[in-house]
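Can you make the complete structure from the sequences, with help from the hints?
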Amino acid sequence: MDALIQLLDATIRVSVPLLLACLAGLYSERAGVFDIGLEGKMLAGAFAGAAAAAVTGSAWLGLVAAILIAVLLAMVHGFASITHRGNQIVSGVAINFIAAGSTIILGQAWFRQGGRTPALSGPARFSAIELPGAEALRGVPVLGTIYSDLISGHSLLVYVAFLMVPFTWWVLFRTRFGLRLRAVGENPAAVDTAGISVAWLRYRALICTGILTGVAGAYLSVAQNAGFVKDMTAGKGFIALAALIFAKWRPVPAMFACLLFGFLEAASIRFQGMPWPVIGKVPVQLMQALPYVLTVILLAGFIGKAIPPRAGGVPYVKER
Amino acid sequence: MAEPAIELIGINKSFGAVRANRDIELTVQRGTIHGIVGENGAGKSTLMSILYGFYQADSGEIRVNGKPAAISTPNDAIAAGIGMVHQHFMLVQNFTVLENVILGAEAEALLKSSIAKARSELERLEREYGLEVDPDAVVEELPVGLQQRVEILKALYRGADILILDEPTGVLTPAEADHLFRILKQLKDQGKTVVLITHKLREIMAITDNVSVMRQGTMVATRETAKTTVEELAELMVGRRVLLRVEKGEAKPGAVKLSVRNLSVKDSRGVLMVDDVSFDVRAGEIVGIAGVAGNGQSELIEAISGIRPAISGGVELDGKAINVAGFADPGELRDRGLAHVPEDRHHVGLVLPFQENENSILGYHDHPDYLRGPFLDIEAICNDADEKIAKYDIRPANCHLKTANFSGGNQQKIVLAREMEQDPGVLIVGQPTRGVDVGAIEFIHKRLIAMRDQGKAVLLVSVELDEIRSLSDRILVMFAGRVVGERGPEATEGELGLLMAGVERQEAAE
Amino acid sequence: MSTPYAKLPAWADYGLIPLINLFVAFVVAGLVVLLVGENPLRAAVILVEGAFGSGQNIAYTLFYATNFIFTGLAVAVAFHAGLFNIGGEGQAYIAGLGVALVCLSLDAIFPWWLTFPVAILGAAAVGALWAFLPAYLQAKRGSHIVITTIMFNFIAASVMVYMLVDVLKPAGSMAPETRTLLPGAQLPKLNWLLEAFGLSVRSAPLNISFLLALVMAVLVWALIWRTRLGYEMRTYGFSPKAARYAGISESRIIVITMMISGALAGMMALNPIMGDQHRVALDFVSGAGFVGIAVALMGRSHPAGIVPAAILFGVLYQGGAELAFEMPAISRDMIVIIQGLVILFAGALENMFRPAVQTLFASFSPRSVGLPAPRREGA
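Residue numbers (our numbering), protein chains in the order written: chain A, 1443 to 1762; chain B, 8 to 517; chain C, 38 to 416.
Just so you know, not all the hints are guaranteed correct.
[As the list claims (entries may be wrong)] Quick partial rundown of chain B residues pointing at chain C, CB under 8 Å, derived from the structure:
| no. | residue |
| --- | --- |
| 1 | Pro-349 |
| 2 | Gly-356 |
| 3 | Asp-373 |
| 4 | Pro-381 |
[Claimed, not checked] In the PhoX-like style, the derived pairs of lysine-lysine whose C-alpha atoms are separated by at most 25 Å in a straight line are:
| no. | chain 1 | residue 1 | chain 2 | residue 2 |
| --- | --- | --- | --- | --- |
| 5 | B | Lys-255 | B | Lys-234 |
| 6 | B | Lys-409 | A | Lys-1760 |
| 7 | C | Lys-177 | B | Lys-273 |
| 8 | B | Lys-207 | B | Lys-398 |
| 9 | B | Lys-395 | B | Lys-327 |
| 10 | B | Lys-273 | B | Lys-327 |
| 11 | A | Lys-1760 | C | Lys-278 |
| 12 | B | Lys-259 | B | Lys-273 |
| 13 | B | Lys-234 | B | Lys-195 |
| 14 | B | Lys-207 | B | Lys-192 |
| 15 | B | Lys-74 | B | Lys-255 |
| 16 | C | Lys-278 | B | Lys-273 |
| 17 | B | Lys-409 | B | Lys-398 |
| 18 | B | Lys-273 | B | Lys-74 |
| 19 | A | Lys-1690 | C | Lys-177 |
| 20 | B | Lys-409 | B | Lys-255 |
| 21 | B | Lys-255 | B | Lys-273 |
| 22 | C | Lys-278 | B | Lys-409 |
[As the list claims (entries may be wrong)] Pulled from the structure, derived: some chain C residues nowhere near chain B, Cβ distances all over 12 Å:
| no. | residue |
| --- | --- |
| 23 | Phe-60 |
| 24 | Leu-138 |
| 25 | Ser-195 |
| 26 | Ala-233 |
The hints are simulated quantities; they were obtained by calculation from the structure and are not laboratory data.
On a predicted model such as this, the values are computed, not experimentally measured, just so you know.
Every residue gets a Cβ at the ideal spot worked out from N, C-alpha and C, and that includes glycine.
In structure tokens form, the structure reads like this:
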């Protein structure tokens, strides 16, 4: 039981950056802008967050810095792919490299710790929150344990991430902004002739993407870990992208997809080097590669037909 | 007399070197239906896009209800009471009717109240104009006629007094078109102003009060419909007397070259588009397939030419079967003498960024004449392309020019030259003159007749009834995926129109 | 992947505009240098001297360029068929296995000139195989090739770690790498080539794989523009519908193109393994696969552009090493930034300066851009 709770607890923790990045991608892709640069924005956010938190001693200022820098990169993506109608995949790839290089260069130049930021502690980090009644309920079998050990005791950003799921659903399907966002990803010409600016709408979607990737980055460096380490996103942005496809661009399935991938990662860490029944010891690299292998298998058509937003990846050109 | 609803004064608009609109003057009286006719490319859609704020005029003035109106975005147009029904519907396919109607006209940040308001408003419009449509239906599941109705509802919901319809009947059956016209008359009776853009003169005569004619970017005349004739309008449109009939001799049909038996084809969405179709095409005859666009003609020729798999039935070429169930290899069919001029030359028949000579071998690029081992024989290809350019009078006469830089008519000639010069036994032609200038149309028609006279079997698909009637030796009419009748070239337009609408199916089935 | 605009003279289209894009990328990179408190102009001088200052440096520059020619060609070939192969990194990495297999079994028996051709085949075959799977999945199952090739990069990394740590490492050794290759698998240096120009080279890893890369550039040019297969690839790249109409099999083109692309990426492994390190070590690709994207975009997918673009990145790599020595604040990761900026400005923003350039040309000679655009239909 304890082992299971621990595994699930780890699952939640590693799922959070995936979930935030996945929802981030959902906003831009639903608006018809493919974003392969989630990874880069998350990485830049993680660096900015840790750097600002280290300098100011405030986790909150770190979060703000993370969001600002991620939004800035999202705007670069918008400038290239919306304003100048560039190839969205190429633009995303560029942002990933710019983020990967500059976080190391700037980190080394500013902190001289081999690309790391100084270790964060105290108010410079988001610490675990004890939910009300967690201590009292600990004794209650099963439900009490789940509440106090699994649900309680995470940092604020974890709860933010999971609350973003219903919130995103509500935004998409219950608000004017959501209606227009979904429309512009399906048929931008319809939005244009309805008198709404396609470009501004897509820019706003990218701002949402930037904010969420910034939070994801800050979670990595200011909440889950105590500082920035070079290349700390380690492909999470791409896994999030896979989860988004897996979830067919819908918020609630996106959460389950991220939890699944998170579980795989948590399990691979937990069972590292442990002998398995029948097959014996499994190389650790196999476990590490498993999420990627599974993604490939899932994408190869065992998830039904994932139909992306119709106008996805295509820059909007007014002249037909 | 009341103020006119719309006045356009001295409108000019250029796209690069192309002057789409030149010094346009137009007055539309309130409470009338005003037709604007012109050939494809005459500048009608551009003009209306300017009026709707989708494009900006380079110069000129727009007045709405007597007052100068600065219309620089669709929002300005909507505010001025102008609504537009586009040729390609501006609908979000996976949205419901309600969602489409409120898009861009939502009252507040949350949708709930807008949806409630739209629902009651739609009920009112339904009562007043007979515009029935299920507000909760998903648009992509509605037939085209209803989708168009949603477009009209969108405009009315935004309070449009002036409604512009751009080629509204292109995708409709005659029955649906009649229904649309009844709705438009009703709108007129309620005091709305309707501008109808079309290139079909029959519609103009049937419904409009006034008609303006455009030609090559200029407004050449405005007439009261009751005081003009189809002949006069046609002459104004084209600028000279049109020979509706192409000169041709008697057909001398020979052996059966292409035989289609019980063919059924589904489209990419899985909808049955061709339903149990059988016919023959003989050497030395042109068989025309008439029908409203979307009744299965496209899928039929795609299946015969191996681009789309058929679900059942068979096709024989020179008495030998074609594997239509799997993908027949279009390359192999070419080797067997089946050439195909596809309907969509921009995306299918040509690769626009290619040089002209590269397009002149598309599909025949594996022909030994063009190859030296695995390599392309560039010299042979260019010589060959130059010959075709001379023979088909393709301009500019430069086989190294990017194909995108040729005009529509010359692009079509590139395709025709490629397919015809391979000396095929069977030629399948889809929409040979769509988007082609008048001079090229005549040239293309003559070449098709010449092919027939050389003893080729020609299968022609066109949505232009005049083209079908003037070229074909036999006319098959398709409706809802079936061949509903066969007529000779002497069949009247009215007779064919009824068949195309699917009426009198029993009698027509013979 | 370019948008049709009015016509510019070819030299402006293929020379001026890429140069402007490149210039802007470097200006922005200069700003980053400023940000870390160094002088960008001095950095540029050190960089250029580091790359060209001596025969030795030039040899290093060309050694790095060799890697980028291979990977740049790999990306470009896929571009021509409308495919984005982001997996060059993984294909090159895993191809190290093919090279290792050949070299470890033959180096004691054969001289290098017999081992090399077999190793070329080995590298190409394994690289092609690694590209085959994503290609097959896209062709037959519709999974997006960009995503699968990214996943395959990660999988390749795991496989290589496993192979080097658990399989190929000689017993008793601590480092996760193969044994050192014998002279039978060591490629001859090309120092004589530079010495022929009067330059002196002490010891640089430039080797005959550079010549192989140049041969491949010519072969790729011939493939794309002179063969039937290349014609079919370009047709499919511009218009899949036209390809279907022309009887070109979609899955065949996807699979063959990606395998050629993977083979080219795989050949990159020859250069560091047989030409320099003489062993297969962890992470020997070190980003060259990704640099290929920037190189292909900058070279506009044409070998005549790719070779100079690869040399430019060779300059950045070699000069960057010197730079890191002189300016400790600037490590080699600066290259990654420049690479990103080049991809951004030469790729995603390739048309940003085009309207301005066109206006400029039009104001000098209106007729040079006066070709009428094709008539728009339904207007």
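Verification of the hints:
no. : hint                   : verdict
1   : Pro-349                : holds (6 Å)
2   : Gly-356                : holds (7 Å)
3   : Asp-373                : holds (6 Å)
4   : Pro-381                : holds (5 Å)
5   : B:Lys-255 x B:Lys-234  : violated (34 Å)
6   : B:Lys-409 x A:Lys-1760 : holds (23 Å)
7   : C:Lys-177 x B:Lys-273  : holds (21 Å)
8   : B:Lys-207 x B:Lys-398  : violated (33 Å)
9   : B:Lys-395 x B:Lys-327  : violated (31 Å)
10  : B:Lys-273 x B:Lys-327  : holds (23 Å)
11  : A:Lys-1760 x C:Lys-278 : holds (23 Å)
12  : B:Lys-259 x B:Lys-273  : violated (35 Å)
13  : B:Lys-234 x B:Lys-195  : holds (20 Å)
14  : B:Lys-207 x B:Lys-192  : holds (18 Å)
15  : B:Lys-74 x B:Lys-255   : violated (55 Å)
16  : C:Lys-278 x B:Lys-273  : holds (18 Å)
17  : B:Lys-409 x B:Lys-398  : holds (20 Å)
18  : B:Lys-273 x B:Lys-74   : violated (53 Å)
19  : A:Lys-1690 x C:Lys-177 : holds (20 Å)
20  : B:Lys-409 x B:Lys-255  : violated (35 Å)
21  : B:Lys-255 x B:Lys-273  : violated (36 Å)
22  : C:Lys-278 x B:Lys-409  : holds (19 Å)
23  : Phe-60                 : holds (27 Å)
24  : Leu-138                : holds (30 Å)
25  : Ser-195                : holds (38 Å)
26  : Ala-233                : holds (34 Å)
When the structure is compared with the earlier hints, violations turn up for hints 5, 8, 9, 12, 15, 18, 20 and 21 and for no others.
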